[in-house]
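For the protein sequence lines, the chains are V and W, in the order given.
Using numbering that gives the first Met the number 0, read the first sequence as starting at 0 and increasing by one per residue.
Using numbering that gives the first Met the number 0, read the second sequence as starting at 0 and increasing by one per residue.
Possibly wrong hints are sitting among the right ones.
Unchecked claim - Within a straight-line C-alpha distance of at most 30 angstroms, the following computed DSSO-like cross-link-like pairs (lysine-lysine) qualify:
#1 Lys325(V) to Lys532(W)
#2 Lys289(V) to Lys163(W)
#3 Lys532(W) to Lys257(V)
#4 Lys257(V) to Lys406(W)
#5 Lys78(W) to Lys232(V)
#6 Lys303(V) to Lys532(W)
#7 Lys107(V) to Lys410(V)
#8 Lys362(V) to Lys403(V)
#9 Lys324(V) to Lys453(W)
Calculated from the structure, these hints are not laboratory results.
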Amino acid sequence: MKLRRIPALLFLILQIPIVAAFAWSYTSLSPESQRQVRRLVVAKPQGVEIPLERDAALEIAPLYDDPQLVSDQELAAVLKQIVPRFPAKKLKPNHVEHALRAWHVEAKFQDPEALSGEMMRDFLIDYRRFAASWQPETDSEIQPDPLLQEHPDNGVYVKWGRESNAASVHHDHLLACLTEAGLPLSQPVFTPNRQGLTFRDVLRQALRDFRYDERETEWSVMAFGLWLAPVTKSWRLTDGREMSFDMLAQRLLRGHKKIGSCGGTHRLYSLTVLLRLDEQYDILSDDVQKSVFQHLETVRDILKVSQFEDGHWPYNWSAGEDAVKKSDASIPIFRHVIATGHHLEWLSIAPESLHPPREQLRKAAAWVIERTVAMSETEMLDNYTFFSHVGNSLAMWRKTTPSKFWMEWEKMHPFEPKPKPITEPKPTVNVTPGKPGLSTEKH
Amino acid sequence: MTGVMNPPQPARAESVPPTQFADASMLEGKVPASVKASRTTAGFALALGLLYLFLSYRPLWHTDLWGHLAYGRLIVGMKSLPTTEPLMPLARGVPFINSAWLSQVIGFEAMNRLGVTSLMFLYASSITGMAGLLVWRGYHRSQSAMITLVGLFLWLWGCWQHLKIVRPQMAGILCFVLLLTLLTARHRRTWHWIAVPALFVAWANLHGSFVVGLMLLAGMAFGRGLELAVRCGEVRAIWRDSRVRRYVLMLELAAAAVLLNPYGVRLYAEVFSVANHPNVAELTEWGPLQLRMAQGQATAVIALLLIVLYRLSPRRVTAAEVLLLFGFGAAALWSSRMLVWWVPIAVTFGMQHAGAIWHQWHSYSKTLLPAPRHGRWSVITVGILWICFAFTPFGGRVLHGTEGKLKLEKMVSRETPLGVIDHLKTQADQNRLPHGQMFNTYEWGDYLLWAGPKRLKVFLASHVHLVPREVWNDYVAISNVASGWEEILDRYGVNLIVLDLATHSPLIGRLRDNENWRQTYSDNVGAVFVRRKAI
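Go ahead and model the full structure; you've got the sequences and the hints to work with.
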């Protein structure tokens with residue numbers, strides 16, 4: 000039969016197998032491939048729904064109670080310094096995130112000027128509270144940009160970046176802080192226009208917009224670990240990239256140890272979180288677990304040789320012995336506080352085999368306690384974020400949390416209001432090397 | 000009676016009358032008419048043979064080819080297709096839809112079994128094949144050898160920038176030219192219904208450019224429909240037209256045939272996403288066509304010639320021609336890589352119109368007679384082809400079983416980092432190769448993947464659509480010695496840097512002056528640096 004002329008009926012009949020071929024091909028694809036095809040057809044990214052079965056995040060419990068490292072009195076003195084007393088106007092989300100992370104939602108203070116855990120939580124997740132703090136006094140019509148923003152895919156995007164004080168500073172830092180502060184996924188969150196949103200939508204959006212090669216992944220990794228393990232060990236990003244805890248760990252292992260926020264110490268904390276989760280839930284392959292452990296062992300060895308005589312670890316701790324031998328006087332002291340406080344923090348949840356000798360830890364604690372207690376109120380406000388880590392880490396070294404300890408402490412030592420000064424003291428601004436000073440650095 | 004018997008006498012040659020020679024006219028008549036060739040055929044065979052000979056001695060390009068061979072090696076080794084990018088550590092987990100898997104396997108198997116010269120053969124024969132198809136169609140429609148050869152030259156000139164790079168796209172272009180040849184045939188054949196879908200099955204597995212073929216079919220169908228709608232003034236005419244139905248059905252069958260690949264309908268999604276990938280858009284060859292480019296100048300000449308030809312041509316200009324020329328032309332202006340699809344269309348249509356003009360001008364003075372066919376021209380044609388094949392490196396390999404005297408240095412382009420690879424291998428053998436991430440010139444990534452030591456962690460190679468956007472941006476920043484380039488190297492934990500002189504001399508200069516880096520090798524094409532204190 001010659002098919003040079005095609006009858007109309009034959010033409011129409013042939014449409015059936017052709018359409019069927021495409022339908023068959025589509026249905027035989029994997030769900031991920033189908034998602035990629037849909038993405039092309041509707042010309043918009045197709046979100047990946049990762050099962051989130053738990054309402055409460057996993058917790059990494061502290062391992063040690065060492066009163067020789069920090070006594071009750073010392074801990075109380077440090078925690079007193081980091082009680083969240085922030086100005087009501089233009090309240091920085093970065094400060095509140097750090098405070099909430101350290102103090103948790105259940106925190107309550109006898110000091111009427113201090114923000115309770117619930118107040119801090121509400122500031123971060125309720126637009127009305129946030130707007131009240133950031134609304135310009137001159138024009139009540141202007142609505143400030145929300146911290147939590149509605150996303151077209153029913154997610155909640157957290158505004159972040161260093162351009163504005165009214166935003167979270169690091170990607171997924173707010174998510175990680177709320178996670179560590181004990182917020183459940185069912186917790187309602189309030190954006191300017193949409194109702195019925197919960198913290199689950201914040202996490203979902205974070206999973207959607209996570210980029211493996213973005214500059215800072217420390218907080219995303221920690222939050223994903225605490226929410227996804229052990230049910231979900233591998234998943235896909237919006238761009239289709241396969242993800243696993245092995246890959247997240249390898250991402251944190253990548254690069255020079257000095258790289259990352261706070262002199263690279265947040266990477267260590269997140270790696271230790273993964274290690275602890277792996278211990279319990281086997282989320283890492285043996286090879287990657289070994290690599291993480293070896294990496295932290297190397298850090299331990301560096302810490303052994305990079306500690307100064309007075310007990311602090313320098314900000315350039317990763318230089319090892321050279322950091323001490325060729326001491327860099329240009330580094331402001333608040334940076335050493337960052338390094339020392341953060342090292343004490345990750346070490347408090349790390350296995351003992353990853354610790355430098357306990358004596359070194361105690362020296363470091365003594366140094367950082369002394370520095371913290373010496374801070375004036377104004378200095379503390381400007382450097383709050385760094386010192387919140389100090390308070391948290393020292394509480395963990397007593398196998399407790401700042402809020403638990405403080406609320407017990409206040410039962411025995413009730414709050415005494417300070418006599419109001421006649422004139423406001425002029426804030427001390429001192430950024431000269433070697434002395435405590437104010438930093439303009441966002442952490 | 001004597002019993003003497005005469006011994007048997009051997010048959011004597013003299014018994015055949017010396018005057019009875021074979022009848023030459025009888026011999027001549029034995030050659031079947033279908034294989035008789037004309038002088039023109041022999042001429043074309045000579046032209047194509049010389050082209051093949053020239054291409055067979057062209058060095059293999061130092062970029063894409065080697066990466067594709069590395070993927071081919073992996074597929075053959077695994078006996079399956081990887082689902083995520085397997086060779087670039089920084090692209091780990093990125094979904095990998097390998098639209099060129101069959102080309103890669105063919106290339107690797109050829110290389111593995113027959114050596115490097117087989118790649119030269121594949122390269123030369125695929126381009127010669129395209130040229131042969133264009134010549135066939137051009138001569139068939141123009142009946143002028145001169146016009147055909149001019150068309151062939153213009154095609155080579157316009158596409159040369161792309162044709163000199165050996166990669167699976169060659170197979171795609173060959174499929175495209177074959178499809179174009181079928182679609183521009185004077186007569187529609189029944190076997191086209193099998194040939195076209197079969198072509199698309201092969202094409203979809205050889206290279207992702209099958210979409211261009213679908214566009215060609217769609218252009219033909221739409222053009223024909225448009226023509227009918229304008230001419231008849233009613234849309235129903237389109238539905239009644241058998242040619243429209245033929246083109247549409249062929250397009251549908253071709254689109255369905257594409258589904259016969261390991262990824263099914265997802266291959267479509269992949270092809271479109273690669274074309275729109277921001278990394279790809281930043282490559283020069285995907286950038287817009289410019290007049291200062293050699294291929295831009297060639298395109299301008301072809302376009303001007305087309306204008307003249309269309310002005311003078313007595314042939315009716317079809318809507319499909321206009322649509323295809325403008326559609327593919329616009330695409331080529333948008334992205335110079337699309338030029339390889341526009342030029343064959345332009346040349347094919349150009350040859351048709353040039354032929355029409357030629358015959359119009361000569362119709363009063365000359366009577367057109369077909370060139371006489373003769374068996375001896377068939378023998379000459381075969382002889383030319385054989386000679387052109389035998390004198391190539393691959394011919395030598397087939398006939399003599401050896402690669403001959405041709406050294407690897409002569410078979411690959413001058414920019415291929417042979418010395419760098421030797422150095423890295425020596426370092427690896429002596430266990431002195433730094434661990435961790437390597438930073439390398441993008442153009443060399445493929446060769447490093449193919450020939451470098453096994454534990455080399457290549458930063459990126461020519462499959463840039465698989466490279467995460469942030470990694471690509473960081474690559475560009477380091478390459479341009481942008482602010483913070485050293486910190487970026489720290490972030491990736493780079494301990495080894497391999498750079499070419501052609502594109503990275505500023506960075507090489509900075510590294511030579513940098514106390515953190517030590518140069519361990521350099522030659523006239525590149526340099527190797529090692530971090531003094533490994534991360």
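Quickly compare the C-alpha distance for lysine 325(V) and lysine 532(W) to 30 angstroms and report which way the hint goes. Holds. Lysine 325(V) to lysine 532(W) sits at ~17 angstroms (cutoff 30 angstroms).
Hinted pair, alpha-carbon criterion (30 angstroms max): lysine 362(V), lysine 403(V). Please report holds or violated. 25 angstroms, holds
For the pair supplied as a hint, lysine 324(V) and lysine 453(W), is the alpha-carbon distance within the 30 angstroms limit? 39 angstroms, violated
Against the 30 angstroms threshold, does the CA-CA distance of lysine 107(V) and lysine 410(V) hold or violate the hint? Distance ~12 angstroms between lysine 107(V) and lysine 410(V) Cα, so the pair holds.
Straight-line alpha-carbon gap lysine 303(V) to lysine 532(W), limit 30 angstroms: 20 angstroms, holds
Could you grab the alpha-carbon distance between lysine 257(V) and lysine 406(W) and see if it respects the 30 angstroms cut-off? 48 angstroms, violated
Please work out if lysine 289(V) and lysine 163(W) have their alpha carbons no farther apart than 30 angstroms. 47 angstroms, violated
Can you confirm whether the C-alpha distance between lysine 532(W) and lysine 257(V) stays at or below 30 angstroms? Since the Cα atoms of lysine 532(W) and lysine 257(V) sit roughly 14 angstroms apart, the hinted pair holds (cutoff 30 angstroms).
Given hint lysine 232(V) paired with lysine 78(W) - CA-CA distance at most 30 angstroms: Measuring from Cα to Cα gives roughly 27 angstroms; hence the hint holds.
Comparing the model with each earlier hint shows violations of hints 2, 4, 9; every other hint is respected.
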